[in-house]
Each structure stands twice: as structure tokens, then as C-alpha cells.
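Q: The lines below spell out each chain.
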Amino acid sequence: MKLGLALLLMLLLTACPDDQLTGLEPPVAKVPAFGDTFIEGSIGDASTLLPILASDSASSEINGLIYSGLVRYDGQLKVVGELAESWEISADNLTITFHLRQGVKWHDGAPMTSADVLFTYQLYIDPETPTAYAESYLQVKKAEAPDDYTFRVTYAEPYAPALMSWGMSVLPKHLLEGKKITASSLARHPIGTGPYRFVEWQGGEKIVLEANRDYFEGSSYIKRFVFRIIPDTSTQFLELQTGGLDFMALSPLQYDRQTDTLAFKRLFNKYRYLAFGYTYLGYNLKRPMFQDRRVRQALAYAIDKQEIIDGVLLGYGQAATGPYKPDAWVYNADVPRYAYNPEKARQLLAESGWVDTDGDKILEKNGAPFQFTIVTNQGNDLRSKAGEIIQRRFREVGIDVQLRVIEWATFLKEFINPGNFDATILGWSGGPEPDQYEIWHSSKTGPRELNFIGYKNPEVDLLLEQGRRSFDRPARKKIYDRFQQILAEDQPYTFLFVGEALPAVASRFYGIEPTAAGIRYNFTQWYVPKSLQKFSR
Amino acid sequence: MYRYLLHRLLMMVPLLIGITLISFTVIHLAPGEPTDMQTQMNPQAGSDLQAKLHKQYGLDKPLPEQYLLWLGRLVRLDFGESFAQDNRPVLDKIAERLPVTILLNLLSLAVILAIALPLGVISAVRRNSFFDRATTVLVFVGFAMPSFWLALLLMDWLGVRLGVLPVSGLKSLGYEYMNLSSQLFDRISHLILPVFIAALGGLAGFSRYMRSTMLDVIRQDYIMTARAKGLSERVVIYKHALRNALLPVITILGLSVPGLIGGSVIFETIFAIPGMGKLFYDGVMMRDYPLIMGVLVIGAVLTLVGNLLADLSYALADPRIRNSE
Numbered sequence: 150m151k152l153g154l155a156l157l158l159m160l161l162l163t164a165c166p167d168d169q170l171t172g173l174e175p176p177v178a179k180v181p182a183f184g185d186t187f188i189e190g191s192i193g194d195a196s197t198l199l200p201i202l203a204s205d206s207a208s209s210e211i212n213g214l215i216y217s218g219l220v221r222y223d224g225q226l227k228v229v230g231e232l233a234e235s236w237e238i239s240a241d242n243l244t245i246t247f248h249l250r251q252g253v254k255w256h257d258g259a260p261m262t263s264a265d266v267l268f269t270y271q272l273y274i275d276p277e278t279p280t281a282y283a284e285s286y287l288q289v290k291k292a293e294a295p296d297d298y299t300f301r302v303t304y305a306e307p308y309a310p311a312l313m314s315w316g317m318s319v320l321p322k323h324l325l326e327g328k329k330i331t332a333s334s335l336a337r338h339p340i341g342t343g344p345y346r347f348v349e350w351q352g353g354e355k356i357v358l359e360a361n362r363d364y365f366e367g368s369s370y371i372k373r374f375v376f377r378i379i380p381d382t383s384t385q386f387l388e389l390q391t392g393g394l395d396f397m398a399l400s401p402l403q404y405d406r407q408t409d410t411l412a413f414k415r416l417f418n419k420y421r422y423l424a425f426g427y428t429y430l431g432y433n434l435k436r437p438m439f440q441d442r443r444v445r446q447a448l449a450y451a452i453d454k455q456e457i458i459d460g461v462l463l464g465y466g467q468a469a470t471g472p473y474k475p476d477a478w479v480y481n482a483d484v485p486r487y488a489y490n491p492e493k494a495r496q497l498l499a500e501s502g503w504v505d506t507d508g509d510k511i512l513e514k515n516g517a518p519f520q521f522t523i524v525t526n527q528g529n530d531l532r533s534k535a536g537e538i539i540q541r542r543f544r545e546v547g548i549d550v551q552l553r554v555i556e557w558a559t560f561l562k563e564f565i566n567p568g569n570f571d572a573t574i575l576g577w578s579g580g581p582e583p584d585q586y587e588i589w590h591s592s593k594t595g596p597r598e599l600n601f602i603g604y605k606n607p608e609v610d611l612l613l614e615q616g617r618r619s620f621d622r623p624a625r626k627k628i629y630d631r632f633q634q635i636l637a638e639d640q641p642y643t644f645l646f647v648g649e650a651l652p653a654v655a656s657r658f659y660g661i662e663p664t665a666a667g668i669r670y671n672f673t674q675w676y677v678p679k680s681l682q683k684f685s686r
Numbered sequence: 283m284y285r286y287l288l289h290r291l292l293m294m295v296p297l298l299i300g301i302t303l304i305s306f307t308v309i310h311l312a313p314g315e316p317t318d319m320q321t322q323m324n325p326q327a328g329s330d331l332q333a334k335l336h337k338q339y340g341l342d343k344p345l346p347e348q349y350l351l352w353l354g355r356l357v358r359l360d361f362g363e364s365f366a367q368d369n370r371p372v373l374d375k376i377a378e379r380l381p382v383t384i385l386l387n388l389l390s391l392a393v394i395l396a397i398a399l400p401l402g403v404i405s406a407v408r409r410n411s412f413f414d415r416a417t418t419v420l421v422f423v424g425f426a427m428p429s430f431w432l433a434l435l436l437m438d439w440l441g442v443r444l445g446v447l448p449v450s451g452l453k454s455l456g457y458e459y460m461n462l463s464s465q466l467f468d469r470i471s472h473l474i475l476p477v478f479i480a481a482l483g484g485l486a487g488f489s490r491y492m493r494s495t496m497l498d499v500i501r502q503d504y505i506m507t508a509r510a511k512g513l514s515e516r517v518v519i520y521k522h523a524l525r526n527a528l529l530p531v532i533t534i535l536g537l538s539v540p541g542l543i544g545g546s547v548i549f550e551t552i553f554a555i556p557g558m559g560k561l562f563y564d565g566v567m568m569r570d571y572p573l574i575m576g577v578l579v580i581g582a583v584l585t586l587v588g589n590l591l592a593d594l595s596y597a598l599a600d601p602r603i604r605n606s607e
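Each protein sequence line maps, in turn, to chains A and B. Read in order, the letters of the first sequence are residues 150 to 686 in my numbering. Read in order, the letters of the second sequence are residues 283 to 607 in my numbering.
FYI, nobody ran anything at the bench for these hints, they're computed from the structure. This structure is a prediction, so every number in the text was calculated from the model and none was measured. Watch out, some of these pointers could steer you wrong.
With the Cβ distance kept under 10 Å, some of the chain B side facing chain A (calculated, not the full set) [unchecked claim]: (1) 285; (2) 312; (3) 316; (4) 392; (5) 395; (6) 396; (7) 445.
Where is the CB? At the ideal position from N, CA and C, for every residue including glycine.
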């Protein structure tokens with residue numbers, strides 16, 4: 150070790166004068182090479198490495214590297230084959246037949262076949278399995294594996310999200326069959342078919358993976374993947390600067406103000422792209438004051454979305470107009486936008502009967518003042534800060550708003566589940582699939598369901614039903630365009646903003662190609678040129 | 283003496299049951315459910331997941347029955363399995379976090395004692411001197427300083443700018459490949475900042491306490507007698523006074539035994555140390571009842587044992603107490 154270091158120093162010393170003479174950095178051969186370690190910082194530890202039981206983002210990220218699905222999204226968010234080489238969808242859109250790759254092996258060497266896929270499906274719909282992802286698989290009428298490399302599913306009705314739902318991680322039948330899934334040792338020592346195999350997991354400290362040299366799409370270049378758990382983002386940032394991390398998600402403040410130094414720019418590349426998901430102000434439509442659409446439109450006019458984006462995200466985001474992010478194929482830009490206009494807001498409020506009759510600068514209707522409380526959960530600064538800005542803007546048009554920030558479990562139990570709230574600031578994270586049935590359909594307004602604001606619109610119901618039955622992208626686009634139009638007019642939520650993901654990656658990593666899908670979709674193609682590799686083991 | 287000990291030990295059983303009953307009631311009074319984390323706000327979760335999880339965790343039974351079942355398992359030293367998605371035995375989860383926490387707490391306690399006791403003694407002996415006043419100000423500044431803020435400043439200064447100490451964590455990435463002496467060095471360098479920060483806040487309490495007991499003792503008649511005998515000031519202070527002044531400190535030490543397994547969330551979060559504080563905090567946030575109860579029971583047992591040890595060692599150290607029985 151010490152000898153190696155001394156040799157390295159000597160090399161550096163002898164190499165130095167040449168570089169200084171030319172004043173240029175030594176040219177780097179940008180040739181993909183195997184080796185080096187990628188260290189990522191995460192604020193949370195993974196909970197379980199059995200993807201069927203996991204529902205947190207840290208677990209999903211690790212599981213994504215260890216396991217594979219039949220299909221996945223590529224950089225353009227198109228569905229491409231992973232374990233499936235190809236697939237056919239029947240003319241009536243009811244049956245999907247997957248043809249699996251041959252010769253794929255589990256990390257323990259056993260062959261992967263359609264029996265594993267069928268087993269995984271059965272595990273998802275097993276009433277004994279406490280999984281958070283059963284819904285899409287319960288739509289399946291029949292699943293079968295006619296031979297080792299064919300898997301066929303049949304649905305009772307056409308179901309558009311079906312294809313991508315087979316991107317779920319396929320689990321090894323030979324290791325899980327006949328055992329209780331919640332007691333499986335695979336949760337701590339996973340075995341998959343993905344580009345990385347599991348090495349070790351030190352709880353609360355780090356998870357280490359190593360490249361699967363036999364990966365069916367060809368081995369990835371980066372040899373080791375280390376997932377370091379550092380709960381505090383300030384600490385993460387300090388670690389990033391000392392080289393203890395190669396990747397972290399920066400906060401807007403760090404991205405904007407703290408990474409502008411020459412040293413940082415030399416060592417790291419920063420990226421920015423719109424994240425999936427948006428933050429909204431949702432109104433409880435069972436409350437009489439929010440039942441008039443003009444009132445909700447007035448509230449939208451009273452909010453300056455750009456001011457929130459500038460104040461809360463330092464400009465790293467875009468105004469949301471509906472449930473989809475502005476660069477998605479399904480996004481409809483041509484909807485009412487409600488640019489900040491307090492005059493218009495006052496006028497609409499007056500039309501619906503809210504006027505200041507007693508001169509206290511608060512509007513009244515039938516003698517009752519316009520007062521309500523916005524609730525949001527603790528632990529998300531963006532939401533509480535947005536709430537404070539909104540509070541002030543509402544006050545300016547004569548609405549008295551209180552803001553309450555409540556710890557998450559209490560927030561759900563006491564406010565959202567019993568419908569005991571006026572308005573709430575929350576966010577939805579989504580994906581490329583545009584189906585929004587669970588959130589907006591009128592059948593989903595029951596207790597503990599996701600349409601907790603109680604939005605009911607027969608036309609939206611119809612559109613949502615058509616949308617998930619249609620496989621044709623132009624036809625779906627038309628359906629969801631209309632859906633966004635109605636939501637924008639109805640304003641059951643004031644859609645606030647779509648934030649940006651702001652990752653920083655050590656500059657020795659090459660092969661990163663940002664697209665609408667972000668940067669991580671082609672992680673297996675990232676590499677460090679031999680001369681820049683930092684870790685030899 | 284043995285009868286006294288047996289009596290004390292027997293008394294601990296009802297006390298412990300009382301503590302668990304109260305803890306159990308209080309955590310179940312807190313709104314929210316362990317299953318909410320997985321089942322709520324997730325478009326893909328089936329509607330019966332809540333019921334499934336309830337059944338799996340035994341939350342569908344009435345509360346008194348849940349308590350008795352839990353107590354029954356506890357008697358067999360089975361703390362149950364965590365409600366978190368990993369479903370691991372609570373004891374495993376605690377055992378994984380405990381060594382680090384105890385190590386850090388022991389080290390910082392040692393540092394506190396090594397610094398605070400001399401400080402307290404000297405402050406008492408030179409009461410109202412410049413030294414006394416200066417240390418008073420300094421230890422209180424340390425006490426009042428937000429530790430997370432100081433920690434971040436030191437991490438930035440020593441870790442990033444000077445590069446002499448690691449920023450966070452417990453060991454470096456290549457730890458497995460190091461030889462024994464580098465491993466030891468690596469370990470120590472990772473511990474310096476956390477121990478320093480943890481000790482800084484505790485200095486005030488101990489040094490003030492030491493100062494006041496020392497002052498009490500110095501005013502005693504026997505000290506005057508010792509001086510009158512013509513003993514040197516050194517012998518008077520360090521032999522006669524200090525020994526007696528240390529007695530109450532033993533009590534404080536006994537009381538800090540349960541503190542050895544308790545961690546601080548903020549502190550562990552800043553230094554990325556996987557300790558008990560973060561484990562417990564996350565458990566509470568998730569309403570992971572078995573984990574919360576497990577940590578509380580261990581804490582309660584240690585508190586009771588600590589109290590007992592304090593009383594016993596007090597009796598051992600002080601003949602007046604020992605003989606009065």
C-alpha cells in the first residue's frame with residue numbers, strides 16, 4: 150500500500166513538468182474501460198432488497214440494478230425489451246405474449262425461465278403477500294408459460310398500463326418457492342439477473358454492489374457501486390467536495406450558489422432536468438366554500454406561481470398546469486393558465502358572492518368570513534414555504550388563511566383520511582405512464598383512496614376509462630388533452646410547480662447522456678477512462 | 283446487604299411492567315399507523331393491503347390482547363419483528379446499532395470526565411479567580427452552542443479545507459484492504475470530531491457539578507482540621523477534599539448508564555453515524571411499535587440497573603451509608 154503510494158507520487162512528480170510546460174491538462178483517451186467505483190450519496194437507507202415488498206426510493210434504486218424486468222423505459226421513455234426479447238399484443242389488445250431471452254442466468258448461476266416470471270406474477274397476486282403493487286396484476290385474467298421462453302398474459306378488458314407493468318423485477322422461483330416471502334433471506338442478500346450483483350449491506354452505512362460480468366446485455370463498465378447513507382444533505386455536500394461521494398442530488402441552493410467555484414466545476418458536472426411529479430394545492434370539494442368553480446379559479450389567479458418557483462426553487466422548476474410535466478408526450482400546453490392577476494381574482498370572488506361588507510379586509514358571504522386552513526406535512530420545506538407565500542397572496546385578495554404543518558403519520562390519520570381538511574399542499578410523483586384513474590376517478594373518493602379531495606366529473610370519468618383502454622398513442626393523447634383541459638378549467642387543484650432534479654456527478658465519469666428520462670437510465674454505459682480511474686479495487 | 287439487593291431486584295419487576303404498560307399505551311395513543319407508510323398515497327397499492335398488513339402485524343386484535351401477547355414474548359426475551367418493510371427481528375436491528383452508540387458515548391463520557399473533573403476542582407479551589415470565570419464562560423458557550431452548526435463548521439474546516447480529518451461516517455471506503463495499524467488510525471480519525479462535539483455539550487454540567495460539590499467539601503470542618511494539622515495544601519485538596527467530593531459524581535455516573543445506549547438524532551444525522559438515535563427516531567416516525575417498545579424496554583432496564591449500581595457503589599464508597607443499614 151505505502152509502496153504503491155510512493156510509486157504513484159514519483160510518477161506524478163515526473164509527469165508534472167511536462168504538463169506545466171504546455172499548460173494543458175493531459176489529454177484523456179475517451180475509451181470505455183472497465184473498472185473504478187461509483188459512490189452515490191443517499192439520505193435514506195434501503196428498507197428491503199426484495200422489490201415486491203419495497204416501496205421507498207432508496208430500495209427501488211438498488212433493486213433496479215440487481216433485478217431486471219421483462220421490459221423497461223429507454224432514454225426516450227419508449228418501452229424496450231429487457232428480459233423479453235420481443236412481444237406481441239393481440240389485435241383485440243387483450244393478450245400480450247412475451248418472448249424471453251435465452252441463456253439468462255441468475256447471479257447464483259441458475260437459468261432464468263418463464264417459470265420465474267409466472268411465479269413472480271403469482272407472488273404479486275397472492276393474498277398473503279403484503280405488496281404495494283398488486284393493483285395492475287389483479288387486472289390479469291389469465292397468465293401462462295407455454296414453454297420455457299414464452300410468457301402470455303390475458304386481460305379481461307384492454308388495459309394500457311399493462312405492458313409497462315411487466316417492467317416489475319422478476320424474482321427467482323428456485324429461491325423463493327414454498328417460503329414465506331416476508332421471512333425470505335433474499336431481503337438482505339438479493340439474487341437477481343441485473344447488471345450488478347450484491348456484495349454487502351452494512352445497515353445505515355452503505356450497500357456495495359459489483360458488476361455482473363455475465364450480464365445478458367454485456368457487463369457494465371463501472372466495477373463497483375457503493376451506496377453510502379448520509380442522512381444530512383449538508384454533510385453529503387461536504388463529502389462530495391472531499392471526494393467521498395461521486396454523485397449526489399443537489400438542492401437548488403447548492404446548485405445555484407455553492408457550486409460555482411472553479412474547483413467544483415473541474416471535478417464535477419452538474420445536470421438539470423424536470424423531475425417526474427408536481428406539487429399542488431388541493432381543495433376539499435366537500436367544503437361549501439370550494440364548491441363554486443369560480444372561487445377555485447379566483448384562487449388560481451391570486452397565486453403567483455413564478456414567485457413560488459423563484460422563491461422556493463430559486464427558479465429551478467416550471468409552473469405546472471396539470472398532472473403531467475411539460476416535456477412529456479402527453480402534456481397539453483394549450484390549457485387555461487391563470488397568470489397572476491389579483492384584480493381578476495377579486496372580481497371572480499365578487500361574482501360568486503364573496504365581498505367585504507364590514508371593512509375588515511376579509512371577504513364575507515352570508516355573514517361568514519372567507520377563512521380556511523391549509524395543511525401540509527412536516528419534513529418537506531418546499532411545501533411549507535410555498536404555503537407561506539400563498540398565505541400572503543390570499544390575504545391580499547381578502548382571504549384569511551392559516552397554515553398548519555403536521556407530522557406525516559398524524560397528517561394522514563387525522564386530516565386526509567377522515568377528510569378533515571380545507572385545503573392541502575402535497576405532491577404526486579409519477580412516471581411516463583399517463584393513467585391517472587386512481588387519483589381523479591369519482592369511484593376513488595372512498596376513505597383512504599387517492600381522490601381524497603372528492604373530485605367528481607362524469608366527463609373526466611369517461612376519459613380516464615377510455616384512456617386506460619386505448620393502446621394507440623395519438624388516440625390516447627387526444628383523450629388526455631381533453632382531460633387536462635377540463636382539469637385546468639375546473640381547478641380542483643391549483644397545480645403549482647414541477648421541480649427539477651439537480652444531480653452532480655464526478656467529472657471522471659463519461660458516457661452520460663441527459664434526456665427526458667434523466668441521466669441514470671444508461672448507467673451501465675457510464676465509464677471512467679483508464680487514465681482517470683481512481684479506485685483500483 | 284444481600285437482602286437489600288434482592289429486595290431492590292424484585293422491586294424492579296413491577297416497575298418494569300409499569301413502564302412498559304405506560305409506554306405501550308402512549309405510543310398507541312399517538313395518531314397514525316405503522317401501515318400508513320406503505321399503503322397510503324400510492325396509486326398502485328391494492329385496497330386490501332391495509333387489512334393484509336393489519337393481520338400480518340396482529341394489529342386487528344384488541345389493544346389489551348396485543349399488549350399481553352407482546353409481554354408474553356418479552357418474557358421469553360423475544361422482542362418481535364420490526365413493522366418496517368424489512369421485517370427483521372427488533373433485537374438484530376438494535377444489536378447492529380448498539381456497539382457504535384456505546385463506543386461513542388463511552389469515549390465522550392471519558393473525555394468529559396478527563397476534562398470536566400480537573401476543571402471543576404481547579405475552579406473550586408481558585409474560586410472567583412480569572413481562571414474560574416473564564417472556564418465558566420467557556421463551558422457555557424460550549425453548552426449553548428448548537429452542536430450541528432459547530433459540527434458542520436468543523437467538518438468544512440478540518441475535512442474539506444484542511445483535509446486532515448474525514449468528514450463523516452465511521453470508516454473509509456477501502457477499510458477492508460488496510461493493514462491493522464492503518465485500520466486503527468482510520469477508526470480513530472473518524473471518531474475525533476464526533477467525540478469532540480459530543481463531549482463539548484456535556485462539559486458544562488459535569489464541571490459545574492464538580493465545582494459545587496468541591497466547594498461544599500472545602501467548607502467542611504474536617505478540611506479546616508486537616509489544614510490546622512499543618513498538612514500541605516496539595517494533600518488537603520487532592521486527598522481529603524477530592525475523595526469526598528467525588529462521591530456525588532458516582533451517582534451522576536450511575537444515572538448516565540441509560541444514556542450510553544441513547545443517541546442523538548441530530549448528531550448521528552450530521553455525522554452519518556448509524557446509531558440508536560436515528561434508529562429510534564425513524565421507528566417513531568414509522569410507528570414501528572415493536573422497535574419502539576424494544577428500545578424503550580432496554581432503556582428502562584438500563585435506567586433501573588444504573589440507579590441500583592449508583593446506590594450500591596455509593597454504599598461501597600461511603601462507610602457512613604454502608605454502616606447505617
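Q: Would you mind marking each hint as holding or not holding in the structure?
A: Okay, the hints, checked on the actual structure:
The restraint placing residue 285/B at the interface with chain A is violated, with a minimum CB-CB distance near 45 Å, outside the 10 Å limit. For residue 312/B, the interface hint holds, the least distance from its beta-carbon to any beta-carbon of chain A being 7 Å, beneath 10 Å. Taking 10 Å as the C-beta contact cut-off toward chain A, the hint placing residue 316/B at the interface holds, the least distance being around 8 Å. Hint status for residue 392/B relative to chain A: violated, with the closest Cβ pair at about 24 Å, above 10 Å.
Given the 10 Å rule on beta carbons, the hint for residue 395/B is violated: about 29 Å separates it from the nearest Cβ of chain A. A distance limit of 10 Å between C-beta atoms decides the matter here; for residue 396/B the minimum to chain A is near 28 Å, and the interface restraint is violated. Taken as an interface hint, residue 445/B checks out: its beta carbon lies about 7 Å from the nearest beta carbon of chain A, inside 10 Å.
In this structure, the hints that do not hold are numbers 1, 4, 5 and 6, in rising order.
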